[in-house]
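Chains E, U and W, in that order, give the protein sequences. Per my numbering, the very first residue in the first sequence carries number 1; after that it's consecutive. Per my numbering, the very first residue in the second sequence carries number 1; after that it's consecutive. Per my numbering, the very first residue in the third sequence carries number 1; after that it's consecutive.
For the record, the hints were derived by calculation from the structure and aren't laboratory data. Please note: incorrect hints may appear among the correct ones.
DSBU-like cross-link-like pairs, simulated, lysine-lysine; straight-line CA separation at most 30 Å [said to hold, decoys possible]:
(1) W/Lys89 x E/Lys166
(2) W/Lys89 x E/Lys68
(3) E/Lys3 x E/Lys166
(4) E/Lys3 x W/Lys89
Okay, the calculated bits of chain W under chain E, using three or more residues with CB under 8 Å as the criterion [what the hints assert, rightly or not]:
(5) 55-68
(6) 82-88
Don't be surprised by glycine CBs; every beta carbon is placed ideally from N, CA and C.
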Amino acid sequence: MKKLFVPLSVVSAAMFLYAPFMILDAPYESTMGLVQKIFYFHASCGMAMFAAAFASGIGSAVFLFTRKPAADRLAVAGAELTSIIGLLVLVTGPLWARKAWGVWWQWDARLTSTLVMWMIFNAYLLLRRYGGPGSDRLAAAVALFGMANVPFVYWSVNVWRTLHPKTSVIPSLQPGMRGPFWFCVVAFLLLFALLLSLRMELEKRRQQLDELYLAAEGD
Amino acid sequence: MFEITRKDLLVEARTREILYTTIFFAVSCVLVFAFGFVKEGRPVQDAAAGILWIAIAFSGTLALGRAFERERHGETLRALLMAPIDRPALYLGKLFGILILLAAVEVLVVPLVALMFQASLFSHAGLMVGLLAAGTVGFAAVGTLFAAMLVRARSRDVMLPVLLYPITVPVIIAGVRGTAALLAPDADLPMARAWLSMLVFFDVVFVTLALWTFEPVMTE
Amino acid sequence: MTVRVLILSLMLFAAPVSAQAPPQQPPPKPAATDEFVPVDRPMSAQETIPAPRLVAIAYGFIWVVLFGYVWSVRSRLASVERELQTVSKRVGSGGR
Numbered sequence: 001m002k003k004l005f006v007p008l009s010v011v012s013a014a015m016f017l018y019a020p021f022m023i024l025d026a027p028y029e030s031t032m033g034l035v036q037k038i039f040y041f042h043a044s045c046g047m048a049m050f051a052a053a054f055a056s057g058i059g060s061a062v063f064l065f066t067r068k069p070a071a072d073r074l075a076v077a078g079a080e081l082t083s084i085i086g087l088l089v090l091v092t093g094p095l096w097a098r099k100a101w102g103v104w105w106q107w108d109a110r111l112t113s114t115l116v117m118w119m120i121f122n123a124y125l126l127l128r129r130y131g132g133p134g135s136d137r138l139a140a141a142v143a144l145f146g147m148a149n150v151p152f153v154y155w156s157v158n159v160w161r162t163l164h165p166k167t168s169v170i171p172s173l174q175p176g177m178r179g180p181f182w183f184c185v186v187a188f189l190l191l192f193a194l195l196l197s198l199r200m201e202l203e204k205r206r207q208q209l210d211e212l213y214l215a216a217e218g219d
Numbered sequence: 001m002f003e004i005t006r007k008d009l010l011v012e013a014r015t016r017e018i019l020y021t022t023i024f025f026a027v028s029c030v031l032v033f034a035f036g037f038v039k040e041g042r043p044v045q046d047a048a049a050g051i052l053w054i055a056i057a058f059s060g061t062l063a064l065g066r067a068f069e070r071e072r073h074g075e076t077l078r079a080l081l082m083a084p085i086d087r088p089a090l091y092l093g094k095l096f097g098i099l100i101l102l103a104a105v106e107v108l109v110v111p112l113v114a115l116m117f118q119a120s121l122f123s124h125a126g127l128m129v130g131l132l133a134a135g136t137v138g139f140a141a142v143g144t145l146f147a148a149m150l151v152r153a154r155s156r157d158v159m160l161p162v163l164l165y166p167i168t169v170p171v172i173i174a175g176v177r178g179t180a181a182l183l184a185p186d187a188d189l190p191m192a193r194a195w196l197s198m199l200v201f202f203d204v205v206f207v208t209l210a211l212w213t214f215e216p217v218m219t220e
Numbered sequence: 001m002t003v004r005v006l007i008l009s010l011m012l013f014a015a016p017v018s019a020q021a022p023p024q025q026p027p028p029k030p031a032a033t034d035e036f037v038p039v040d041r042p043m044s045a046q047e048t049i050p051a052p053r054l055v056a057i058a059y060g061f062i063w064v065v066l067f068g069y070v071w072s073v074r075s076r077l078a079s080v081e082r083e084l085q086t087v088s089k090r091v092g093s094g095g096r
């Protein structure tokens with residue numbers, strides 16, 4: 001993994017450099033015009049957010065039942081990324097919505113459930129920071145509930161009548177939009193994987209430091 | 001499992017501390033909201049459903065905190081964990097105790113809300129009870145897990161609401177919308193039933209998750 | 001380690017620099033007279049925020065947050081590494 005990091009970062013950098021050109025070339029959406037171009041990054045961030053939530057949930061489940069430190073690192077990194085990428089989703093969405101729907105926010109199923117899931121992972125981070133010893137296991141349980149939200153958030157837009165576009169929009173994208181969209185999705189997922197590994201590295205160092213402190217105290 | 005519930009209830013019956021304080025808190029909660037949402041000198045009708053569920057959520061959090069605080073003082077939780085009791089049974093026993101407590105609170109708060117907001121909470125009593133029961137189970141299922149988890153954690157008083165509310169928001173929303181559907185002038189029964197089935201779905205997911213994670217989380 | 005972080009930072013920094021600005025709408029004509037001229041047609045709220053600005057804010061926000069996050073992880077990593085060195089020196093020299 002370490003060996004791949006640099007080349008993959010270069011690939012990711014190149015993709016992000018190229019993405020704005022692809023997006024500008026893509027056809028305008030008929031009713032929303034320019035503002036619809038936020039979609040390419042907003043939806044990609046959404047997918048990355050789901051990936052982060054799954055990473056955290058899976059790491060938490062493995063950690064709860066095997067106590068492997070690597071699983072805990074994955075859980076923490078995933079949770080932090082869910083919070084960050086979730087912030088991106090929750091800000092770019094309303095910026096688009098203001099023009100497309102006329103309102104910044106709407107308490108429909110998709111927006112509410114996304115906000116709730118974001119809050120759950122923020123709570124996870126608060127617990128890890130201020131919960132004291134043993135909070136790694138407690139937080140793992142929180143992350144599991146957070147991960148359980150993901151399918152709910154995803155399907156909320158199909159089950160309920162919402163302002164937010166349905167998931168069927170993606171398969172039925174115009175040909176001109178498909179290229180840039182999937183390109184952005186890959187770019188973001190790649191970036192997510194890189195950030196995840198970076199954050200896990202930080203966590204590993206922290207764990208080493210803790211062990212070192214314990215060893216130092218032992219003397 | 002019921003032994004644990006019985007023990008909890010017996011301890012509570014002696015002082016009734018948690019019961020009385022929770023009821024009082026729930027009533028104050030309803031009053032504060034009723035005075036807060038006032039229009040032309042009378043409580044806003046539409047707020048009844050929301051206020052009811054908020055009162056349940058807040059007083060439930062309080063009750064959970066107090067119930068497990070007592071465990072912490074008596075070190076009984078650790079004793080129970082060391083005893084050869086099935087972990088799921090321990091969890092369910094605690095859950096039933098909390099549910100009985102909350103049911104007692106709701107028996108008082110629901111008529112109060114009906115009275116203050118002139119809300120016809122009893123015209124579809126079956127569905128209403130169903131909604132309340134399902135919602136309370138969902139809330140308490142998550143609450144019992146987290147309250148037990150947090151017994152030995154730092155900042156546990158503030159951590160419980162911080163963790164509990166985001167996770168139980170879907171339950172509260174479903175409860176409020178279902179109740180609101182029932183309270184509407186022409187009660188929307190299919191809608192209420194839909195929300196009720198949503199609540200049951202949440203209950204199944206939450207109780208399953210809680211049972212699954214209770215043991216690994218509570219073990220040192 | 002720091003190389004990786006540098007590359008990620010560069011990537012995030014370079015992208016907005018290289019991207020062309022989105023097509024600008026022509027700026028509104030300045031008022032012909034000096035005195036106050038009220039809006040002569042009903043303007044809905046949507047029309048008062050130009051779309052390019054929203055798009056620019058959205059993309060800009062994404063770059064800023066991602067860049068800020070990489071920077072935050074990098075600085076946390078650096079401080080942990082520093083601490084690791086200090087403590088390991090202490091353990092190394094203090095251990096008897």
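Status of the hints after comparison with the structure:
Between the alpha carbons of W/Lys89 and E/Lys166 the distance comes to roughly 58 Å, so the proposed pair goes past 30 Å and is violated. Annotation: proposed proximity of W/Lys89 to E/Lys68 holds, straight-line Cα distance about 28 Å (limit 30 Å). Between E/Lys3 and E/Lys166 the CA atoms are separated by roughly 40 Å; this puts the pair beyond 30 Å, and the hint is violated. This hinted pair checks out: E/Lys3 and W/Lys89 have alpha carbons roughly 29 Å apart, not beyond 30 Å.
Coverage of the segment 55-68 of chain W by chain E holds in this model, with 8 residues showing a Cβ closer than 8 Å to a Cβ of that chain against a need of three. With a threshold of 8 Å between beta carbons, the proposed coverage of the segment 82-88 of chain W by chain E holds, since 4 of its residues qualify and at least three are required.
Taken one by one, the earlier hints fail for this structure at numbers 1, 3, listed in ascending order.
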